[in-house]
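S.K.: Quick note, the sequences are listed as chains Y and S, same order. In this text, residue positions in the first sequence follow my numbering: the first is 4, and each later residue adds one. In this text, residue positions in the second sequence follow my numbering: the first is 127, and each later residue adds one.
Worth double-checking, as some hints may not be accurate.
[Unchecked claim] In silico BS3-like cross-links for lysine-lysine, where the CA-CA straight-line distance does not exceed 30 Å:
(1) S:K251 to S:K228
(2) S:K302 to S:K207
(3) S:K372 to Y:K319
(4) Y:K201 to S:K220
(5) S:K251 to S:K220
(6) Y:K244 to S:K129
(7) S:K372 to S:K337
(8) S:K385 to S:K207
(9) S:K129 to Y:K201
(10) S:K330 to S:K311
(11) S:K385 to S:K210
(12) Y:K237 to S:K129
(13) S:K207 to S:K272
(14) S:K312 to S:K283
(15) S:K207 to S:K251
(16) Y:K298 to Y:K319
(17) S:K337 to S:K281
(18) S:K296 to Y:K201
(19) Y:K201 to S:K337
(20) S:K318 to Y:K201
(21) Y:K71 to Y:K26
(22) S:K129 to Y:K129
(23) Y:K201 to S:K322
(24) Y:K201 to S:K302
(25) S:K129 to Y:K78
(26) S:K210 to S:K296
(27) S:K326 to S:K312
(28) Y:K46 to Y:K71
(29) S:K385 to Y:K201
(30) S:K228 to Y:K201
(31) S:K385 to S:K178
(32) S:K228 to S:K207
Please keep in mind that the hints were generated in silico from the structure rather than gathered at the bench.
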Amino acid sequence: MKKQPFSQSDAQNRVDQIHTFQKEILELENEGVLVISPEDTSKVQSYHSQLLQRLSATYDVDTSVGSKQLTLGMKIASLFGALAMAVSIFFLFYQFWGYLNTSIQVGTLIIAPILLFLLSLYLTQKEKSAYFSKIAALVSLSCFVLNLSMLGQIFNITMSSNAFIVWAAFSFLLAYACNARLLLFFGIVSMSSFIAMKFGSWSGMYWISFGERPENFFMPSLIIFMVPQLINHKGFSGFEKIYRVMGMIMIFLPILILSNWGRASYLNWSIDLIEGVYQFIGFTLSVSAIWWGIKRHWGEVTNTGNVFFLLFLYTKLFDWWWEWMPKYIFFFILGLSALLALIVFKRIRLTNLSEGFK
Amino acid sequence: MRKYLSIGLFILIGTNLVVLSGVVFNRMGEVTAHITLTERELSLPYSNGIDKENSGILLSVNWRTVMRKDEPYFYNSREVKITKGELLELGFDKFEENNNFKQQSRELYWAFEFDGELYAAELEKAVLQYQTAFASYEAKPSDTTKRNKEDYSAKLKREQTTNSRLFFIKASADYKSLAAQLSDKKNILIVKGLTKPYYKSENKSYSLLLKHLSVSNIMVPVAHSEVFIGLHREYKSTPRYTAEIKWGSGLEPWIISTKRIDN
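If we strip away everything but chain Y, and leave its shape as in the complex, we get (with noise of 0.2 Å):
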């Protein structure tokens, strides 16, 4: 698919970016700081006007409030539609394959999310929203996850961690073909477990008990985290924001679980020392995170950091004290804890925006 020069979401923030410049120099002759001619305020508005319908036009962008809301409808509609008919496939052929012969099962399954997959590209380039080409690409995906795990059914196969490098790869390919965040989530959640399911493997673990180790997805993450740093994503809206807090989560998660569980570690240290470690390396990483986002402008880093760093110290503050502390006390202690971090992030904000004033 041939991309855009920007994406839908770059096109919408300059629509929003017009209406708050038309809006602010409306206040500012109101209040008399400044004066333009007509001549130059009906140059601007004609130019402004023939962009707005020229983004209109291109991106299918909310050029008012109210469409914005509307769009807004659309989405979460787009989203429980695409969820709910790939659920549907799977009953679907559930009621009815016993009925089915072998080789009317085997056709069924490997031509339907194949007819899917050509309807979703044939949408992607007739619509300019892509709604229903994303709904079709997400069905698609379910029938080739259904395809591959109902033959195995159907011949009695063995199981395969290879399944979901497969299933990665397409949910890649359709995330980018139609440009849905959603087939992303798909294909980082496929790929990442696929990678631990390998590193599990070359460390003597069935592939199947790859989630007994959280280690094992701290190199996947890894490699999530850093996609948007090697590719670039400039016509996709918002897949940088899904790779990095994707990454953020599957290495947070894994070290949260190793801070309060340090038995399901490889180390071979005593359990103590182990969640102990993790303890040191989910605030200082989450601190670390925290200031990077703010470092480089990415705010789901530093949110995602945030939420981290929050819930590295709520764990920690409940294992110290919850047995032991009267529940108002703890409780107080925690109301407390929240109010430093409001002081701290109001410096924090006061400096950056002392910074942004220079």
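Given chain Y's structure and the hints, the job is docking chain S onto it.
M.R.: Chain S in isolation, oriented as in the chain Y frame:
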């Protein structure tokens, strides 16, 4: 768009070709086992909850181990005693006595015997237990001896009519050596299964936990499904059907024929 189209079709068609070639390879190669099992060894699926919407029939394989002497009532223990040397031979070289949680599962080859010496021995054991209980009751009738006699009578009946005759013999990391060791026996089945070692600190013994078969269900093709019409999963009935099954070179099974047993 062409790039997406060609890569997508390559993934979809290529994956299916690989899977179907695996099926052909399994079925066209050497048949490693050819056995006719009955309902005793192949259970029907559950037909309640979400399963009642599933029109396909997947028969689950019932297998068992030889009952241990110290646990006379225990049917189908999934644990076999083993030595540390045997564990190392099976490839569990990272075994840690002090941490059962960290023991890692491995897929091994499991050998089974169908309706052979192990089943005959088990049946004989059940007969002897019943005879002993019956003699005790005759010598000293009481509620306890009566209950024992009834329990062992029921157990013997189950052993004769409903209990599985598919017995686990041993596990191995090497298929060829396992097949060679058992080449003189009839009705031998070798498949893959997941195992996990276990250390019991109370009596300092090692066990091998037999978690599950890698292929624990066998799909009934629609051509052979007529036999199962109107049947539901039952525990107490005498076998109502047989299924002739082959296991191919990939140790994966498929049904050749099914037959109804008229009781």
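S.K.: Each of the hints needs a verdict: does it hold here or not?
M.R.: Against the structure, the hints come out as follows:
1. S:K251 to S:K228: With a Cα-Cα distance of about 37 Å, the restraint between K251 of chain S and K228 of chain S is violated, given a limit of 30 Å.
2. S:K302 to S:K207: holds, 23 Å
3. S:K372 to Y:K319: violated, 57 Å
4. Y:K201 to S:K220: holds, 18 Å
5. S:K251 to S:K220: violated, 38 Å
6. Y:K244 to S:K129: Roughly 25 Å separates the two Cα atoms, so the pair holds.
7. S:K372 to S:K337: holds, 23 Å
8. S:K385 to S:K207: violated, 38 Å
9. S:K129 to Y:K201: Since the Cα atoms of K129 of chain S and K201 of chain Y sit roughly 29 Å apart, the hinted pair holds (cutoff 30 Å).
10. S:K330 to S:K311: Roughly 34 Å between the alpha carbons, so the hint for K330 of chain S and K311 of chain S is violated.
11. S:K385 to S:K210: violated, 45 Å
12. Y:K237 to S:K129: With a Cα-Cα distance of about 19 Å, the restraint between K237 of chain Y and K129 of chain S holds, given a limit of 30 Å.
13. S:K207 to S:K272: violated, 34 Å
14. S:K312 to S:K283: Status holds; Cα separation ~25 Å.
15. S:K207 to S:K251: holds, 20 Å
16. Y:K298 to Y:K319: holds, 28 Å
17. S:K337 to S:K281: Distance of about 25 Å is within 30 Å: holds.
18. S:K296 to Y:K201: Since the Cα atoms of K296 of chain S and K201 of chain Y sit roughly 28 Å apart, the hinted pair holds (cutoff 30 Å).
19. Y:K201 to S:K337: Distance ~21 Å between K201 of chain Y and K337 of chain S Cα, so the pair holds.
20. S:K318 to Y:K201: Since the Cα atoms of K318 of chain S and K201 of chain Y sit roughly 20 Å apart, the hinted pair holds (cutoff 30 Å).
21. Y:K71 to Y:K26: It holds: about 18 Å lies between the C-alpha atoms, which stays within 30 Å.
22. S:K129 to Y:K129: Status holds; Cα separation ~17 Å.
23. Y:K201 to S:K322: Holds. K201 of chain Y to K322 of chain S sits at ~19 Å (cutoff 30 Å).
24. Y:K201 to S:K302: The hint holds at about 26 Å.
25. S:K129 to Y:K78: holds, 27 Å
26. S:K210 to S:K296: holds, 15 Å
27. S:K326 to S:K312: Violated, at about 35 Å.
28. Y:K46 to Y:K71: holds, 27 Å
29. S:K385 to Y:K201: The hint is violated at about 43 Å.
30. S:K228 to Y:K201: Satisfied, since the Cα-Cα distance of roughly 18 Å is no more than 30 Å.
31. S:K385 to S:K178: Holds. K385 of chain S to K178 of chain S sits at ~23 Å (cutoff 30 Å).
32. S:K228 to S:K207: Within the cut-off at roughly 19 Å; holds.
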